[in-house]
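2 protein chains.
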Amino acid sequence: MKKNQIPGQIILAAEEIPKQWYNIKADMPNRPPAAISPRTHQPVTADELNAIFPMGVIEQEVTTERYIDIPAEVMEKYRLFRSTPLHRAYELEKALGTPARIYYKYEGTNPSGSHKLNSAVAQAYYNKTAGMKRIVTETGAGQWGTALAMATKMFEMDCTVYMVKVSYQQKPYRRSIMQLYGAEVIASPSNLTEIGRQILSKTPDTNGSLGDAIAEAVEIAATNKDANYALGSVLDHVILHQTIIGQEAKKQMELVDEYPDIIIGCNGGGSNFSGLAFPFLKDKFDGKADAKFIAVEAAACPKLTKGVYTYDYGDSVGMAPIAKMYSLGHSFRPSGIHAGGLRYHGDSPLLSQVYHDGFITAEAVNQTEVFESALLFAQKELIVPAPESAHAICQAVKEAEKCKESGEEKVILFNLSGHGYFDMTAYDMYLQGHIVDDIPGLDGEILRAQDEIKDIGV
Amino acid sequence: MKKNQIPGQIILAAEEIPKQWYNIKADMPNRPPAAISPRTHQPVTADELNAIFPMGVIEQEVTTERYIDIPAEVMEKYRLFRSTPLHRAYELEKALGTPARIYYKYEGTNPSGSHKLNSAVAQAYYNKTAGMKRIVTETGAGQWGTALAMATKMFEMDCTVYMVKVSYQQKPYRRSIMQLYGAEVIASPSNLTEIGRQILSKTPDTNGSLGDAIAEAVEIAATNKDANYALGSVLDHVILHQTIIGQEAKKQMELVDEYPDIIIGCNGGGSNFSGLAFPFLKDKFDGKADAKFIAVEAAACPKLTKGVYTYDYGDSVGMAPIAKMYSLGHSFRPSGIHAGGLRYHGDSPLLSQVYHDGFITAEAVNQTEVFESALLFAQKELIVPAPESAHAICQAVKEAEKCKESGEEKVILFNLSGHGYFDMTAYDMYLQGHIVDDIPGLDGEILRAQDEIKDIGV
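First to last, the protein sequences are chains A and B. In terms of this note's numbering, the first sequence has 476 at position 390, counting the first letter as 1, and numbering is strictly consecutive. In terms of this note's numbering, the second sequence has 178 at position 92, counting the first letter as 1, and numbering is strictly consecutive.
Hints were generated in silico from the structure; no laboratory data involved. Backbone N, C-alpha and C define an ideal beta-carbon position, used for all residues, glycine too. Careful, some of the hints might be misleading.
Said to hold, decoys possible - List time: in silico BS3-like cross-link candidates among lysine-lysine, alpha-carbon distance up to 27 Å:
(1) LYS105/B with LYS180/A
(2) LYS219/B with LYS466/A
(3) LYS219/B with LYS214/A
(4) LYS219/A with LYS180/B
(5) LYS180/A with LYS180/B
(6) LYS214/B with LYS214/A
(7) LYS466/A with LYS214/B
(8) LYS219/B with LYS180/A
(9) LYS180/A with LYS336/A
(10) LYS105/A with LYS214/B
(11) LYS219/A with LYS466/B
(12) LYS180/B with LYS105/A
(13) LYS466/A with LYS105/B
Unchecked claim - One side only, chain A facing chain B, incomplete, derived with CB under 10 Å:
(14) ARG165
(15) LEU461
(16) ALA464
Could you put the whole structure together from the sequences, leaning on the hints where they help?
Here you go:
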């Protein structure tokens, strides 16, 4: 057993919670280019962003300062649920018979159930200080909507969530919990927005999509002066807020005298992977350590492993700013997978840049192997993982099995970004054998969607 | 602000987790009389109990030693989820405008979501060391079944859960999560037991009841030599295991230089109230402190406030041992309330004795006021409470409001025994105005049920 290790959680004392966020732009060799306005085809200006974002957030989107102080009011809220525990996965290790030592940072202990709350609290704070009375957003899987509902409640603001209609119908508990925190939850597309009415007049029976919901939320924010919009991933300021995860994890690994050889996170829009990885990536830039980083995506939405590094719209309807990122094409429609948070067509520009520059690697994994490792993890470590987070578990298991073959005692660290207690329908389907890997027409759909962005004009 | 207090969780260091359970029988002035065998009408013998319980548990049922060492193997599992956090409810205090200081011990952080895991782990361990391969139990609301499924998985045993049919149908996610932890979950009554077949032949369309499920589980345990039965509340050994809660809470209160004036827990079979209260009650016996203790029951199942202190069957069909306790009568049928864990007709004999002797008090509260305070709590403290636990919140709010009137700065401590993320159906009903307080025919039903136990023959 390593120094200081007894089976159980590795907890950071309250005074050890980091008081600054880490900004990778201070250290990365190449920075991603500025986002482009879809209207002017020139770099997006602060004024344009200010129509839907507060200045506090816009400043964080562009700053290159290495460390950004976490405001006292945000720290006060963070202390309600942070630090989060670091666990050594003793039981999982035993079950795998691996010489690897597996650690996971568990972000599901807060009442919203995922890491999303780290950015929701910060964004609610900056909107509150900018005088906003309401934040409007979209949610698909529901983790972001829940986190923002909770964060706005903390700062006594209103919250409106456009929830993709199919999720609204299939995940009534996710809807209830947002309502319980006082949020107004609207099935999207709705009759409450111009874009919603247009969509419904063309396709009255649509199930909705994340792209539609974003468009509705942005419309409301842009046309109401006391309402702003908030995004739960992808953008630089969101990634910044999530670096509290990796900074805590570094301190916790130090407490047990360890440093990871392999760092793993699942990858939808990039915020949970980057939140854990970037503070460790700094050590790689500084030449202090040489861990391997693995962003794990769903095989059904393989933007890093099958996408291209290009300029593309941030949303699916061509209204959001155009960013340079790995993308499958903004019109790409993933098949119905049970990890709603990994269905985004593109990726964080920061993550895309470090992937392009070879500092991190990526793997795509299939649903059935994901649920298989989720079940093993739940039975051994006793936490039901969110299907998204289970993608990270799946890769961690693969790496641990490689160690078993080679006899190497590698240290593996992954981000368990949220729990799956609201995802029991998916587990039920898996237990009944109804989850399959077949993704008919994937390659054709990627070709089609990428063809559409050839002439994007940037 | 009191010494050492910053907003946030009050966490006990790993080495401070208590290593012994506290046995109130060493200190209570009057001990409850021994349980009576329903067959012989003589005190139940260890041999009779041994048909369904391991000796380790039976010894704990009768011992009067003050402190019982927690076995190393149980401590190892406890460390996976203990200590649990103590929170000061700053936001709730602010919302109520009370001078009271409100603290809550949160037992919902473990993956099963409630305090039940404290006893499930211990019982699984004693059964494992007794050579058992399987534990059979019943579950109504689902918290106990989930905890036992998880605990048996920890010790690599099988688990069979007879789940009341109506819950099996209405709470599919509770069923799924037990299955996910490898448990066999059977809708009760079933065709797999003699008693189940009898019930079904008489009432083929029955929704089942906790009494039926207990009877089926006990039958399987009694007729299989490598299977035992386990109960999640009521019995002395279960209460014993739960005292880890109150012992931790005492240390945590000391960390912030506080001692509670009022100690509150909800009361179904007595295990979560007693688990928090008994270590503090010791100080009352010792003349060191004089806190007020309040066991909070559902107005629809008011065993302490409207029941009698008498001998009654532990189950609803008259097969279990007869114990002296507060009871509404074992055939009492509570109306359909949304706190399934509070529907038990009787109460822990230990709790009943200290209530009878005037050391603790009781209050009955109504559903709508319970959900009203649950909603306030969720919006202010950001944790969705289990409807059962919300009964404790409701009383804490009432006490805090009294302090507001009187200007007294009392210290209130309550047990938040579990989260309500699997109870969103009930919250949905409340938000839609479908939860009412009307309990038609309650008094008549109590009279009828109490009449039945007049001639119990003990």
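How the hints compare with the structure:
no., hint, result
1, LYS105/B with LYS180/A, "holds (26 Å)"
2, LYS219/B with LYS466/A, "holds (18 Å)"
3, LYS219/B with LYS214/A, "violated (57 Å)"
4, LYS219/A with LYS180/B, "holds (21 Å)"
5, LYS180/A with LYS180/B, "violated (48 Å)"
6, LYS214/B with LYS214/A, "violated (55 Å)"
7, LYS466/A with LYS214/B, "holds (17 Å)"
8, LYS219/B with LYS180/A, "holds (21 Å)"
9, LYS180/A with LYS336/A, "holds (24 Å)"
10, LYS105/A with LYS214/B, "violated (46 Å)"
11, LYS219/A with LYS466/B, "holds (18 Å)"
12, LYS180/B with LYS105/A, "holds (26 Å)"
13, LYS466/A with LYS105/B, "holds (24 Å)"
14, ARG165, "holds (3 Å)"
15, LEU461, "holds (7 Å)"
16, ALA464, "holds (6 Å)"
Of the hints listed earlier, those the structure fails to meet are numbers 3, 5, 6, 10, in rising order.
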